[in-house]
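Chain residues, written in single-letter form:
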Amino acid sequence: MSNHFFLRLYVTGLSKKSLKAIMNIKSLCEKYLEGRYKLEVIDIYQQLEFSMDEHVIVAPTLIKKLPLPLKKLIGDMSDTDRILTALDIKPLKEKEYDREEGRKEGRKE
Amino acid sequence: MMSKENKAKHELIQEIEELQTRLNEAEEALHAIRNGDVDAIVIRGHKGEQVYSLTSEEYPYRVIVESINEGAVTLTPEGTILYANKRLAEILKFPLEEIISRSFYDFISEKDRGFFSVLLEKSLRKGSKGRITLVNSEDTHLPVYLSLNSFLIDDKSSVSMIITDLTEALEAEAFSDTILDQAAESIIVCNEHGLITRVNSAAQALCDKNLYLQPFDTIFPLTYRNGKDDKQVKTFSISATLQGQTLKNKEVEFCEDGQTHHFVLNAGPLTSIQSKNLGCVITLTNITASKKAEKALEIDQQRFFSLLNELPGYVFLQGPDYSIRYANRYFCEIFGKPDGNPCYKITQRGRKPCENCPAAQALKTKNRTTWEWTSPDGRFYQVYNYPFIDIDGSPLTLELGIDISDRKRAEEASRVSENKYQLLFESLPQRIFYKDKNLIYVSCNENLASDLHISPNEIMGKTDYDIYPKELADTYREADASVIESGQTEDTEEEYIKDGKNLIIRTVRTPIKDENGDVLGILGAFLDITEKITLQREAERSRHLAALGELAAGVGHEINNPITGIINCAQILFNKSKEESREKDLARRVIKEGNRIANIVHSLLSFTRRDTHEKKSMVSIREILYETLILTEAYLRKEGIRIKLDIPHNLPAITVHPHLIQQVFLNVINNARYALNQRYPEANDNKTLEISGEEVTIDNCPYVKIMFYDQGIGIPARIKDKIMEPFFTTKPTGKGTGLGLNVSHNIISNYHGKITIDSKEGEFTKVTIILPARSQSHENCQETETEK
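Chains as they are written, first to last, in the working numbering: chain X, 10 to 118; chain B, 2 to 789.
Only chain X is shown next, with the shape it has when bound in the complex (with noise of 0.2 Å):
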């Protein structure tokens, strides 16, 4: 069990981004997780009291809660490589900010 994932999408309904967050976090998990993983994918409009449980304030936010440490992650999930590094999934040499969106790794908790 220990390299079996468990993640969980927040989204709100069929918002563009959430919509290609499912999508992108999907086709993903097919590819690098195949087998090893559980997708739980939360429309926080329906279901909101996951959300607070959570603290999840923004949507599409994805959370790693399997393997720990916990992870969080927000956006449509579009960059593979930032997410594969984030969950740990592919590890990259060190933690450093992703050149093109310049956008900050997500830490450890």
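Hints were generated in silico from the structure; no laboratory data involved.
Listed below are the simulated EDC-like cross-link pairs for lysine to aspartate or glutamate, each with C-alpha atoms no more than 16 Å apart in a straight line:
1) B:87 - X:58
2) B:87 - X:49
3) X:29 - B:156
4) X:29 - B:79
5) B:409 - B:373
6) X:74 - B:98
On the provided structure of chain X, position chain B as indicated by the hints.
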């Protein structure tokens, strides 16, 4: 303190790190918001948490989607769920979070997945609708109605789908479905566009696919023909029905996997209460089996009829009204097509039923009748009538007629030929018999039967022991057995007794064999050859007698001369001898005995003189008799038979050939000798032959009558009529020829005389011979009388 400080310091560092993290998060969130990377913000207000969409104009629609009682889903063209509302989660009994991002196919029953992909693909071009079955987390199958439409999100095609749970609605329909499913017919309901909206299980069984909302004409490519023999196959469409036309009992065909199914189609429009056209209802009744049976029956029937047509005889079916309901080819060829006409009209060219019609008889008695019929064209038929009940219960007669003309003719011919042989069999002079191999008589011809004084039929079952004396029967059966054993035709001379008369027959026995060469019996034919044999013997005897006669004549002549010399010398001696002297007496005796020798020689010569050209001469009966007696004297003396002669000296002379009359007398005397010797083998006082003569006058003509009377064995009354017949003899073989009396009779008749025999068996025999006393014939005599 230090530790306290350290602790505080440590806690502070921890707190700073945590704040750092949260700051980062906050920064990131803000960064995302600033960059437009978020759609909504969740805010905790006094009313609890709320989501604030950053683009909130769709909110009212979202509320509708979230709150409707249908499942709402957004899918990628591959079927991945991008959005699902809570209602779907309820329907599927899965947590909503486990639904989004999954493939919708995961929730579709296996059999409908293919159909769904079709719907999905179709929806990308144009909207699509369909009914499928979903499987929920409890493995329950849920009928749902899908409505799919495509739309673009960021220039990417997506599909929105509304899922209506039909479980409840279908439960309501279940009742009517149950009824529909009970129907053996396939029932299909189409909407006004010709798309299938409902099918019962029988219809579903016809094709193993999801039929819902599929065009009927595509799913059921039915074809039909106008009439059974129509070669042109037409494609069926329900379009006419959709426009209000009703179809009744239309035969259609449905090909599937190379097999043709036959259906009877009924279709009618479906209208609502408001008379709105809702589509149509189609029922299909599978008649493939009955079609097959019908076809098989048809083939059977064809086979049956062709069989009937091939029959070398006529067959027809006749009703109680004599009408011909069916006739085979043979019948039609000979009598013409019946066309429902009555049989008497067709076969007899009559106007009313024949009297005692055997077919009607069969119908009445319910028994088979058999009879022979001669058709108007002169052919013979062996006819059978079989009564039977038709399928509809009406009585019918089947008539079968077999042409037996050829057989009849052959029979006739064989009867004629048999008659011919019978005639031949009967007309042959031969006696013919047939015995089986156990030597039991089977048949004989009329000739043999009449010999045995029976009718030809009576011989059947008899054996030779029943017919002939044992000795004869043994001989015959021995000969029969020899033929059976050898298998060869044998030819034998045998004895035969007919009416107590011994005959000699020549029998030819031929074995009759079967095809294996085993002897079945004996065919025998025999012919009376007694006459032939006797003639042969007589000829032999005559030759013998002639030779003897010549010898006797030779001897007679040789003796005649010396005896004359002896008598002359003895006369001289007598003349010259003294009276009363012994020499004279001896000479007298020599002369006397010499004369006796001369007499014997003379008689002998006269008897053997067989010159038929010898002329008749006037002779004295007395003389002839004496000469005959001289010839027989020696025998008579030896046998002790005395002769009592009473012949007057004055008997008139007769004109005859003396030696023939001598032969007659000799015959009569010999017979008398035989009879006497038979009765008295030794000497006896009654062993006497009385010979008397007298002159009699019959019809004014003088006759000489000579009678020979003996008291010998006599003649049995039963053969008295036959004794004059040639070859009849009672003497043992070799002792008599059977010709004596016959020859005598002929001789006497030639001289217009008569010979009669009177006898009583065991007492006497009297032979009377009458001869005319003059040389002239009887006619001359009468003339003389009239002249007088």
